[in-house]
Amino acid sequence: MVDLVSCLKGLAQGPIQILDIAIPLKAYCKIDLSSNNPDLKAYDITDPSSCQDYIDIVLRKNRAKVAYGGYLEERNLYTNAERFSEGTTRNIHLGMDFWCKAGTKVLVPLDGELHSFKNNDDSGNYGPTIILKHEVEQLCFYTLYGHLSLDSLQQLAVGKRFKKGESLATLGSPDINVNYAPHLHFQLIIVIEDYYGDYPGVCSSTTIDFYKNNCPDPNLLLSI
1 MVDLVSCLKG LAQGPIQILD IAIPLKAYCK IDLSSNNPDL KAYDITDPSS CQDYIDIVLR
61 KNRAKVAYGG YLEERNLYTN AERFSEGTTR NIHLGMDFWC KAGTKVLVPL DGELHSFKNN
121 DDSGNYGPTI ILKHEVEQLC FYTLYGHLSL DSLQQLAVGK RFKKGESLAT LGSPDINVNY
181 APHLHFQLII VIEDYYGDYP GVCSSTTIDF YKNNCPDPNL LLSI
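With this note's numbering, letter number 122 in the sequence shown gets 122, and the count goes up by one each step, no holes.
To be clear, the hints were calculated from the coordinates, so they are not data collected in a lab.
Here the structure is a predicted model, which means the values were calculated and not measured.
Where is the CB? At the ideal position from N, CA and C, for every residue including glycine.
Everything hinted at is true.
Keeping only pairs whose Cα atoms sit at most 25 Å apart, straight-line, the calculated DSS-like set for lysine-lysine is:
#1 K163 with K118
#2 K163 with K9
#3 K160 with K133
#4 K212 with K133
#5 K61 with K105
#6 K65 with K105
#7 K133 with K164
#8 K212 with K30
#9 K65 with K101
#10 K105 with K26
#11 K65 with K30
#12 K30 with K61
#13 K26 with K61
#14 K65 with K26
#15 K41 with K101
#16 K212 with K9
#17 K163 with K105
#18 K160 with K118
#19 K101 with K30
#20 K26 with K101
#21 K118 with K133
#22 K101 with K164
#23 K30 with K41
#24 K133 with K105
#25 K133 with K163
#26 K164 with K9
#27 K30 with K9
#28 K41 with K65
#29 K164 with K105
#30 K61 with K101
Label-pair ranges, simulated between beta-carbon atoms:
#31 V136 with N62: 29 to 35 Å
#32 L150 with D56: 23 to 29 Å
#33 E166 with D53: 32 to 38 Å
#34 Q154 with R60: 32 to 38 Å
#35 R83 with S35: 14 to 20 Å
#36 S205 with Q155: 37 to 43 Å
#37 Q155 with S35: 39 to 45 Å
#38 K61 with D3: 36 to 42 Å
#39 P24 with E86: 40 to 46 Å
#40 T79 with D56: 17 to 23 Å
I would like the entire structure built from these sequences, with the hints used as guidance.
Encoded structure:
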C-alpha cells in the first residue's frame with residue numbers, strides 16, 4: 001500500500017472535486033457522525049429524516065452545502081440493519097461520505113474505466129452502486145460510489161471509459177439509497193477480489209487492520 005499512498009499523494013496537485021463543480025469547495029464543511037458525538041444523542045440517525053435534521057443543522061451553522069467526512073468513523077448509524085449485526089458487529093466506516101441534496105452530480109476524480117455496477121437494494125446497503133478501475137504508474141486500484149440514483153445505472157457497460165471531471169452519476173433519495181439521508185459514499189479499494197458492483201463499506205473492530213490497508217483514506221486522493 002505504501003506505493004499507492006505515495007502515488008495518490010503525487011496525483012493531488014490540489015483539491016479534487018467529486019461533486020457538481022457549481023458547489024465550490026468553500027461550501028463544504030466537516031461533520032462528525034461518530035458514536036462519540038454527544039450532539040447526536042438528540043437524534044435517531046438510523047432514521048433518514050432525523051439524520052437529515054442533524055445534517056441540516058451542521059450545514060446551516062457552517063453556511064455550507066456539503067458536509068463531509070467519516071473515514072474509519074465508528075458509528076451508531078447501522079444499528080437497525082441486520083446485515084451489520086450478523087456475527088461480529090460492523091460499525092466502522094471505510095469510506096468518505098458527502099452529505100448533500102439528492103440529484104447532486106457525482107464527478108469522476110481521475111481517469112478510469114467501469115469495473116462493475118449493481119443496485120444493492122437490500123436493507124442498509126448502498127442502493128445503486130458504481131465501481132471504477134484505475135491504473136496509474138503501473139498501479140491498479142478501484143473507486144466505489146454508493147447511494148446513487150437509479151438513473152445512474154442506465155446506459156452503462158463494463159469497460160466504459162471515463163475522464164477526470166466527467167459526470168458519472170447523481171445522488172439518490174432515501175427510498176432509492178436504502179433508507180439513508182442523501183449522500184455519496186466514496187471508497188478506495190486496492191484488491192477487490194471477486195466483488196462485482198459491491199464491496200464492504202463498513203467493518204468490525206476485528207477486521208479493521210485488513211480493511212484499513214486495503215481501503216486507504218479517500219482524502220489521500222481528493223485532498224479536500
